[in-house]
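K.L.:
Each chain is listed here by its residues.
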Amino acid sequence: MSLTDPDRLFPYDGALRGLARAIYSGIKDLPILSPHGHCDPRWFAENDRFPNPAELFVIPDHYVFRMLVSQGVPMEALGIARQDGSSVPQDPRKVWQLFADHFHLFRGTPSGLWLNHAFEHVFGFLEPLTPENADSYYDHIDDTLGMEQFRPRALFDRFKIECLATTEGALDDLRWHKQIIASDWAGRVITTYRPDAVVDPEFKGFAANLDAFGALTGEDIGSWAGYLNAHRTRRAYFRDHGATATDHGHPTAQTLDLPQDEAAALYAKVQSGDFTSAEAEAFRGQMLTEMARMSVEDGMVMQIHAGARRNHNASVYADFGRDMGFDIPQRTDFVSALKPMLDAVGMEPDLTILLFTLDETTYGRELAPLAGAYPALKLGPAWWFFDSPEGIKRYRQITTETCGFYNTAGFNDDTRAFCSIPARHDVSRRVDAAFLAELVATGRLTEEEAFDLARALTVDLVKSAYKL
Amino acid sequence: MSLTDPDRLFPYDGALRGLARAIYSGIKDLPILSPHGHCDPRWFAENDRFPNPAELFVIPDHYVFRMLVSQGVPMEALGIARQDGSSVPQDPRKVWQLFADHFHLFRGTPSGLWLNHAFEHVFGFLEPLTPENADSYYDHIDDTLGMEQFRPRALFDRFKIECLATTEGALDDLRWHKQIIASDWAGRVITTYRPDAVVDPEFKGFAANLDAFGALTGEDIGSWAGYLNAHRTRRAYFRDHGATATDHGHPTAQTLDLPQDEAAALYAKVQSGDFTSAEAEAFRGQMLTEMARMSVEDGMVMQIHAGARRNHNASVYADFGRDMGFDIPQRTDFVSALKPMLDAVGMEPDLTILLFTLDETTYGRELAPLAGAYPALKLGPAWWFFDSPEGIKRYRQITTETCGFYNTAGFNDDTRAFCSIPARHDVSRRVDAAFLAELVATGRLTEEEAFDLARALTVDLVKSAYKL
Amino acid sequence: MSLTDPDRLFPYDGALRGLARAIYSGIKDLPILSPHGHCDPRWFAENDRFPNPAELFVIPDHYVFRMLVSQGVPMEALGIARQDGSSVPQDPRKVWQLFADHFHLFRGTPSGLWLNHAFEHVFGFLEPLTPENADSYYDHIDDTLGMEQFRPRALFDRFKIECLATTEGALDDLRWHKQIIASDWAGRVITTYRPDAVVDPEFKGFAANLDAFGALTGEDIGSWAGYLNAHRTRRAYFRDHGATATDHGHPTAQTLDLPQDEAAALYAKVQSGDFTSAEAEAFRGQMLTEMARMSVEDGMVMQIHAGARRNHNASVYADFGRDMGFDIPQRTDFVSALKPMLDAVGMEPDLTILLFTLDETTYGRELAPLAGAYPALKLGPAWWFFDSPEGIKRYRQITTETCGFYNTAGFNDDTRAFCSIPARHDVSRRVDAAFLAELVATGRLTEEEAFDLARALTVDLVKSAYKL
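Residue numbers (this note's numbering), protein chains in the order written: chain A, 18 to 485; chain B, 18 to 485; chain C, 18 to 485.
FYI, nobody ran anything at the bench for these hints, they're computed from the structure. These numbers come from a predicted model, not from an experiment. Errors might be hidden in some of the hints.
[What the hints assert, rightly or not] Straight-line C-alpha distance at most 25 Å; calculated PhoX-like pairs for lysine-lysine:
#1 C:Lys286 - C:Lys221
#2 C:Lys195 - C:Lys484
#3 C:Lys484 - C:Lys177
#4 C:Lys45 - C:Lys195
#5 A:Lys221 - A:Lys45
#6 A:Lys221 - B:Lys356
#7 C:Lys410 - C:Lys356
#8 B:Lys177 - B:Lys195
#9 C:Lys356 - A:Lys410
#10 B:Lys286 - A:Lys410
#11 B:Lys410 - C:Lys484
#12 A:Lys177 - A:Lys221
#13 B:Lys286 - B:Lys221
#14 B:Lys480 - B:Lys195
#15 C:Lys410 - C:Lys195
#16 C:Lys221 - A:Lys356
#17 B:Lys221 - C:Lys356
#18 C:Lys45 - C:Lys356
[As the list claims (entries may be wrong)] Covered stretches of chain C, as calculated for chain B (at least 3 residues, CB under 8 Å):
#19 70-79
#20 183-192
#21 200-212
#22 343-353
#23 356-363
#24 388-397
#25 414-427
Cβ atoms here follow ideal geometry from the backbone N, Cα and C, with glycine treated the same way.
Using the sequences and the hints given, assemble the complete structure.
P.N.:
This is the structure in structure tokens:
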């Protein structure tokens, strides 16, 4: 018995399955490039053991705990702390039991695939997690985590990660990255410049963040020019710590390209704290264009993750804060929204802007047509709720015919769940192999092309898109 | 020869087909739970014979006659009466002939499947309906309908319906349900509280409806508090006649949660008849939140059917009235629209709100993410135009990965075409079996899980979602 | 070796493949009806040889050159001339080499299929185009184009084109069509009335176009009545040159039905040149309804191609003009937008309005429900970016269940790339055959129905929809 089918996610027709298997076998052991994600660099800096199964698999992973919450399990019972400090700490073993009691909820979900993959391929389980064996599962994982070869760096190497990008805010001191660089460990953990906290006027603590931004850079953030220079300074600092890319998480894809005096006036407005939500949106939009221009200057790849309505539930946000599973996609326009930025820099041959969406209707209608025309644009992979077998398949089926494979950028795991990284990359490789096999079987690719493309989607396009 | 393929809607690959067949065989004979629909309770109260084939299959079924109208057949020729009484009555045999003449239009449609299923499995036909055999088809159906075992109650039992919910307006006296309850027949036919006519200020006759609402309940509908109490009174009355659920058919999913004094002022406005369409929309939105709060009080399950643009054609509406096949889906937002209601009651663990959409783009982008987080939300099944083999398949493919199976609620037939009930449930069971078989064959479920889930989707999740 | 798989685009399951092949074999040799496209009538009037491979395959085809541009190849290097005349002419052989160097970009795209189909089936290549063989490919195509049997008329006959519609502006003198009619060649090349340049107030040169329109027709275009009469006159003139249809390319599907005095005032406004973009949109919308009314009068079929955001990139438009690969689909509403026109003429049994969309979300939500109700409406085929194997499959999967096959209108190639016509029709026939085979294999059609439908989709529905 095992938790993972060796032919999982391949087509079920015999001949086609054989072809998919062959394509997959050419890529399954390639190193992992993880150019975007949310792992904690401290893991690799300090290399301490992961504390316990609940804190590894449940408590930090909103993919997981939201499913239990949706069926009525209270956040607190899962060990999620209230922001006001009033939560009673939970015994991690009890959290784990609750997780096991509800494990059937993950049937048919990518979380189910990822968890079972980690249980089998990282921890060696062959029996599924059940309410009955929750305790012995807990013990085995906990014991294993105590072993030297299950420390973060050892797992990083064992997972064959060639490069892992984390994501830090503009104000981050990058101490963990420094520590990694200074260490004798050869693992490549790079940072990514994510300036939302000093770009989004509606971000919590924006005014204070700007002050810190000025202090950190020595720039006069009282002026528009100084504020832009502060970004230039921090971008350079991030590049010095390995960053090749920036990342921008905006509620919409709105961009603007105001005359510089108007942009300066808008900056003064949002800095004053006295602004409307339309002005906040305008400022975010202007800053995407400014960031794109800086990318033309300094060569950093720009990622735009647009369309999440963050913190949808008021009480959950008030009680528990951000990233608590209540971020909901919303309808997103890219065609009008990106035009100002694209009129400014869209034809730049050396610029790369990667677009991510949570609105799948934009794949075929907007994103593939845009990426299939503008030299500066490429499509990021299927994101978040759509990083799944069906989601990746739809992404390929809908985008490939319009923008081809070469305007895409390989896979992102985008995770904070470290043990899910090999599982996620494996799912992507399998679904891509199955897709390529279908194209061969239906006369749309030669086998040689399919083998070549499989490698490109796994490694080459990632390296070129992210300049790794 | 037969009209229905015993392996219809299963995958065509041999091994996979065998698995789908096995899963299906475990559920095909389970009783039918029909928790939402529009059958006429009078059928079961009076148990009279159905009048004739045209009035059974064509005239009341807008799925059917709209297709003929779309190809130029006039409404009147199909026996649809003009509201002004000016129509010449049609010979039902001629209506039937016209239907047979155009039966090829239903090729590839779910109506085609349902009709052929009823022709074969209810009436015993093995030859397809053609223009040539229309008369003999008519005679056979007509004769059969005259037999005791083809009366409504006998068919209800023969269809193995364990529970059938009808839908009545808030002003309905429920006389037919009373008569059923008082009878010696054991069939369970329950009602559903559908208050649109006293909730939607733009509903025809709204002012008069409110007056009747007050008279019926003895509440002072001149006041907001009295109006809300009138709902409480009617909800209790409906519960006394079996209702476990309410139903709300709104053009959008907009909700609001105004302070009670503002809500009262808005009620006064719409009651006065002097209101804008924005105020009507606001009132409908406020009432969804009020209804949800009453559901927290009284335990009734709440269904929201949002997104139909009713009566799209002005002249058809003027001449023939409602439900004439000219209701068209429209783009629907749930993310912003539901937020006020969800901020009020979304985390209630004992509340169930079932969401239905006619905008499939919301499955993956909005509804599955919402249902995969909020304890109060579940997804209703694929609805109306999407209650079809491809529609149900897309529903499962797109929603399952994000909210799992357990945030869904089984199947609804939602029909006023009684003989289509077994056919519709059969289609749903087959498509679900095929979907589960694919997940097994691609390593995403075990066989045991698939068998268990098939039963859950057919029975268990319906009973729990609807509190049956 | 060959460039095209004889079983391409069929299902890969053996039995199902056999069935698809059988259905396809019944239609593969049927004549081509091309009722909408952008071939140049001059080709068939003058019957000169096509100049060279680059001007046949690359330079006029924005499907092709946009893909190279998206990967950083400059427009000029591809031989696209700047509007200001400043471009250095490119050696067509160098353009061809550049094309060959980037041919891998078309892997998995419909352009790749079409190009390989033409290379093999028109020019006899059996080896794929590579950077290495670009020169010999060039020579062979160039030599071949010089042969008598590769002149436009000979290819037209060889492609078995029974009828080819081109598209001309309202001001076109139709000289090439006259010349074809006057010639001894029997090929049927008809025109289509496309009045955008005198209907869209935002069209470049609108005022001058109106003056020319008046001069051409002898109508007083200073008045609304005269303007409408000018359309009547030109429509009659186009009908005299074979036209059976009109075509309208609008950014949205907005229609209006203003009282005639308001329409006249709006016309005066837009004619004056002093109008807002909302007024321009209103005028376009009013004109769709006027055109529909004229279609009721004169029997011309009306095509609405809605939803392209034309000339998305400001600098490409300024430098190179229209149709340069930077037209991007945008979200499109049909439900509200078409209501005014449908209230006016939607129930006309002899009117045919064909709807085309670039927003696939409207297939199931809006277009199929509308076409499945209104006698005047039919669905045009999958358009532009969605004229592709996956695009056509989605179109059938999503629309058929709601509006059936008989509210659709067969295939359009809609191309200006002459040699792609057989390839495009072949793709459509194969994908339809595969779709029909699946319906048979899953018990949704009989084989007899599938064979009959295949022919209907290829020939009969085209002829009836376009009155050919």
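K.L.:
State for each hint whether it applies.
P.N.:
Here is how each hint holds up against the structure:
no.: 1; hint: C:Lys286 - C:Lys221; result: holds, 17 Å
no.: 2; hint: C:Lys195 - C:Lys484; result: holds, 21 Å
no.: 3; hint: C:Lys484 - C:Lys177; result: holds, 19 Å
no.: 4; hint: C:Lys45 - C:Lys195; result: violated, 32 Å
no.: 5; hint: A:Lys221 - A:Lys45; result: violated, 42 Å
no.: 6; hint: A:Lys221 - B:Lys356; result: holds, 21 Å
no.: 7; hint: C:Lys410 - C:Lys356; result: violated, 28 Å
no.: 8; hint: B:Lys177 - B:Lys195; result: holds, 22 Å
no.: 9; hint: C:Lys356 - A:Lys410; result: violated, 36 Å
no.: 10; hint: B:Lys286 - A:Lys410; result: violated, 51 Å
no.: 11; hint: B:Lys410 - C:Lys484; result: violated, 37 Å
no.: 12; hint: A:Lys177 - A:Lys221; result: violated, 38 Å
no.: 13; hint: B:Lys286 - B:Lys221; result: holds, 17 Å
no.: 14; hint: B:Lys480 - B:Lys195; result: holds, 23 Å
no.: 15; hint: C:Lys410 - C:Lys195; result: violated, 39 Å
no.: 16; hint: C:Lys221 - A:Lys356; result: holds, 21 Å
no.: 17; hint: B:Lys221 - C:Lys356; result: holds, 21 Å
no.: 18; hint: C:Lys45 - C:Lys356; result: violated, 39 Å
no.: 19; hint: 70-79; result: violated (count 0)
no.: 20; hint: 183-192; result: violated (count 0)
no.: 21; hint: 200-212; result: violated (count 0)
no.: 22; hint: 343-353; result: holds (count 3)
no.: 23; hint: 356-363; result: holds (count 4)
no.: 24; hint: 388-397; result: holds (count 6)
no.: 25; hint: 414-427; result: holds (count 10)
Consistency with the previously given hints fails for numbers 4, 5, 7, 9, 10, 11, 12, 15, 18, 19, 20, 21, ordered from lowest to highest.
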